[in-house]
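Visitor: Sequence:
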Amino acid sequence: MSVARLPIDIDFSARSQDRAFFCHDGTQIYLIHLIVTVYQENQENLRPIQGRNMTQTIRLPGLADVHTHLRVPGGEHKEDFQTGTAAALAGGVTTVLAMPNTTPPLATETAIAAAYQQAQADTRCQLGLFAGASPAHVDELPRLAPYAVALKIYLNDTFGTLRVEDVPTLRACFQTWPLDKPIAMHAEKQSVAVGIGLAATYNRHVHFCHISRREEIELIADAKMRGLPVTCEVTPHHLFMDVNDAARLGSLADMRPLLGTPDDVAALWEHLNDTVDCVATDHAPHTLAEKRSATPPPGVVGLETSLGLMLTAVSHNRLTLDRLIELMATAPRRLYHLPEQPDTWVDVVLEPTIVRNEALFTKCGWTPFDGVEVAGRVERVTLYGQVVFENGRLLAQPGSGEVIPEM
Numbered sequence: 002m003s004v005a006r007l008p009i010d011i012d013f014s015a016r017s018q019d020r021a022f023f024c025h026d027g028t029q030i031y032l033i034h035l036i037v038t039v040y041q042e043n044q045e046n047l048r049p050i051q052g053r054n055m056t057q058t059i060r061l062p063g064l065a066d067v068h069t070h071l072r073v074p075g076g077e078h079k080e081d082f083q084t085g086t087a088a089a090l091a092g093g094v095t096t097v098l099a100m101p102n103t104t105p106p107l108a109t110e111t112a113i114a115a116a117y118q119q120a121q122a123d124t125r126c127q128l129g130l131f132a133g134a135s136p137a138h139v140d141e142l143p144r145l146a147p148y149a150v151a152l153k154i155y156l157n158d159t160f161g162t163l164r165v166e167d168v169p170t171l172r173a174c175f176q177t178w179p180l181d182k183p184i185a186m187h188a189e190k191q192s193v194a195v196g197i198g199l200a201a202t203y204n205r206h207v208h209f210c211h212i213s214r215r216e217e218i219e220l221i222a223d224a225k226m227r228g229l230p231v232t233c234e235v236t237p238h239h240l241f242m243d244v245n246d247a248a249r250l251g252s253l254a255d256m257r258p259l260l261g262t263p264d265d266v267a268a269l270w271e272h273l274n275d276t277v278d279c280v281a282t283d284h285a286p287h288t289l290a291e292k293r294s295a296t297p298p299p300g301v302v303g304l305e306t307s308l309g310l311m312l313t314a315v316s317h318n319r320l321t322l323d324r325l326i327e328l329m330a331t332a333p334r335r336l337y338h339l340p341e342q343p344d345t346w347v348d349v350v351l352e353p354t355i356v357r358n359e360a361l362f363t364k365c366g367w368t369p370f371d372g373v374e375v376a377g378r379v380e381r382v383t384l385y386g387q388v389v390f391e392n393g394r395l396l397a398q399p400g401s402g403e404v405i406p407e408m
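The letter at position 24 of the sequence shown is residue 25 when you use the working numbering, and the numbering goes up by one with no holes.
Some hints could be false.
To be verified - Think about it this way: if two alpha-carbon atoms lie no more than 25 Å apart in a straight line, the pair counts; the simulated SDA-like pairs of lysine to any residue are:
no., residue 1, residue 2
1, LYS182, ALA115
2, LYS190, ASP243
3, LYS182, ARG205
4, LYS182, GLU166
5, LYS182, ALA137
6, LYS190, MET226
7, LYS182, ARG172
8, LYS190, ARG205
9, LYS190, ARG227
10, LYS225, THR202
11, LYS225, ARG249
12, LYS190, LEU336
13, LYS225, ARG144
14, LYS190, TRP270
15, LYS190, GLU166
16, LYS190, ARG144
17, LYS182, PRO343
18, LYS182, ARG144
19, LYS182, ARG215
20, LYS182, THR104
21, LYS190, PHE175
22, LYS225, VAL195
23, LYS190, LEU259
24, LYS182, PRO230
25, LYS182, THR202
26, LYS225, ALA115
27, LYS190, THR232
28, LYS225, ALA248
29, LYS190, GLY228
30, LYS182, THR109
31, LYS182, ALA222
Simulated from the structure, these hints should not be mistaken for laboratory data.
Input sequences plus hints: build the corresponding full structure.
Guide: This is the structure we're talking about:
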């Protein structure tokens with residue numbers, strides 16, 4: 002489809018986003034306003050681009066990634082709060098939630114209080130911590146809650162020591178964790194049924210992390226049809242990669258859950274516009290030396306590639322831009338009761354962009370998507386009215402962000 006390129010910026014950060022669509026001619030992305038009345042409704046969000054020809058920019062709300070591993074404490078050689086939140090801003094993410102399977106895990110008041118204090122000193126954006134459910138420390142759950150946005154329960158394999166396999170610990174989690182704070186689960190295959198059963202038994206919200214299999218997403222869809230209080234997320238790597246990529250890339254595409262079959266990937270896309278509640282990266286950095294060792298740990302990074310990949314899906318009509326914003330900004334905040342960020346937005350240039358390892362801000366410095374072309378790049382991030390990232394330059398200083406919940 003041949004379309005003249007319009008030299009305009011379009012602001013989707015606060016207005017209705019159901020007014021535009023993308024088309025793709027195989028080489029370039031074009032954004033088109035549909036009718037004159039749409040232009041009239043959105044005039045204040047259309048601005049000439051100074052000094053730019055033949056490209057478009059859009060303005061999105063700051064994204065929220067509710068599943069990251071920032072490796073503090075114990076894994077700072079892979080990532081830390083400074084580098085992890087730098088990677089977040091480079092990817093248009095202004096809120097990150099960090100998982101508790103650290104060393105030591107965030108399962109005691111001592112550990113989570115120390116991580117909270119370190120985050121206050123280092124974060125460049127809004128950051129929240131998960132508390133970890135642990136059979137050895139389940140009695141501490143009420144004391145962890147003030148430091149945490151949510152509780153994470155690992156029913157399946159995890160990097161660390163937080164796996165929960167006994168019923169008494171599960172009962173204690175659902176009975177003592179505050180009702181106003183979500184419970185998130187790493188649950189695979191039949192463990193998803195366990196999580197749904199707990200949600201039904203205790204009538205409280207359970208969020209399923211990184212759903213990756215057809216049987217899982219279809220079971221969650223069935224639960225939702227019956228009105229059960231469950232939600233779920235999918236990751237870009239489970240949407241854009243499968244077992245064939247795992248065979249090609251080896252340990253560089255090893256994560257938990259493992260990459261699925263092409264049929265699993267197809268099922269995730271089939272449910273992306275209804276059953277799936279949000280997109281989260283499961284950003285899990287490891288050094289290249291670790292990944293190339295005899296015992297490579299599972300996990301890949303994602304904070305800096307997620308938006309570009311999902312914009313590529315928009316360009317291929319896999320979802321609308323409106324739906325992308327819901328999945329990556331609106332819904333994550335709603336699910337985790339995260340505070341809004343006024344005067345915060347992300348300016349994105351819609352042009353083919355090659356992902357390069359050398360351009361990454363994450364400390365580990367590599368991604369399985371190295372060399373992949375995506376449909377856009379983050380040009381500028383404004384956080385609370387201040388420009389914190391612009392044209393590849395990180396401007397936010399360590400400690401300039403905020404940790405939630407506020408203590």
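Visitor: So, for every hint listed, does it hold in this structure?
Guide: Going through the hints against the structure:
1. LYS182 - ALA115: The given pair, whose Cα atoms are some 21 Å apart, holds under the 25 Å limit.
2. LYS190 - ASP243: The hint holds at about 17 Å.
3. LYS182 - ARG205: holds (10 Å)
4. LYS182 - GLU166: holds (22 Å)
5. LYS182 - ALA137: Between LYS182 and ALA137 the Cα gap is close to 21 Å, so the pair holds against 25 Å.
6. LYS190 - MET226: Roughly 19 Å separates the two Cα atoms, so the pair holds.
7. LYS182 - ARG172: holds (16 Å)
8. LYS190 - ARG205: holds (21 Å)
9. LYS190 - ARG227: holds (20 Å)
10. LYS225 - THR202: holds (15 Å)
11. LYS225 - ARG249: Violated, because 36 Å separates the two Cα atoms, which is more than 25 Å.
12. LYS190 - LEU336: holds (23 Å)
13. LYS225 - ARG144: Violated, at roughly 32 Å.
14. LYS190 - TRP270: holds (18 Å)
15. LYS190 - GLU166: Status holds; Cα separation ~15 Å.
16. LYS190 - ARG144: Distance of about 32 Å is beyond 25 Å: violated.
17. LYS182 - PRO343: holds (23 Å)
18. LYS182 - ARG144: Holds - the C-alpha atoms of ARG144 and LYS182 are around 13 Å apart, at most 25 Å.
19. LYS182 - ARG215: The hint is violated at about 28 Å.
20. LYS182 - THR104: holds (24 Å)
21. LYS190 - PHE175: holds (21 Å)
22. LYS225 - VAL195: holds (15 Å)
23. LYS190 - LEU259: holds (12 Å)
24. LYS182 - PRO230: This hinted pair holds, its Cα atoms lying about 14 Å apart.
25. LYS182 - THR202: Distance ~17 Å between LYS182 and THR202 Cα, so the pair holds.
26. LYS225 - ALA115: At roughly 38 Å apart (the allowed maximum being 25 Å), ALA115 and LYS225 break the hint.
27. LYS190 - THR232: holds (16 Å)
28. LYS225 - ALA248: Given that 25 Å is the threshold and the Cα spacing comes to 34 Å, the pair is violated.
29. LYS190 - GLY228: holds (21 Å)
30. LYS182 - THR109: holds (17 Å)
31. LYS182 - ALA222: Distance ~23 Å between LYS182 and ALA222 Cα, so the pair holds.
The structure does not agree with the numbered hints 11, 13, 16, 19, 26 and 28 stated previously, though it agrees with the rest.
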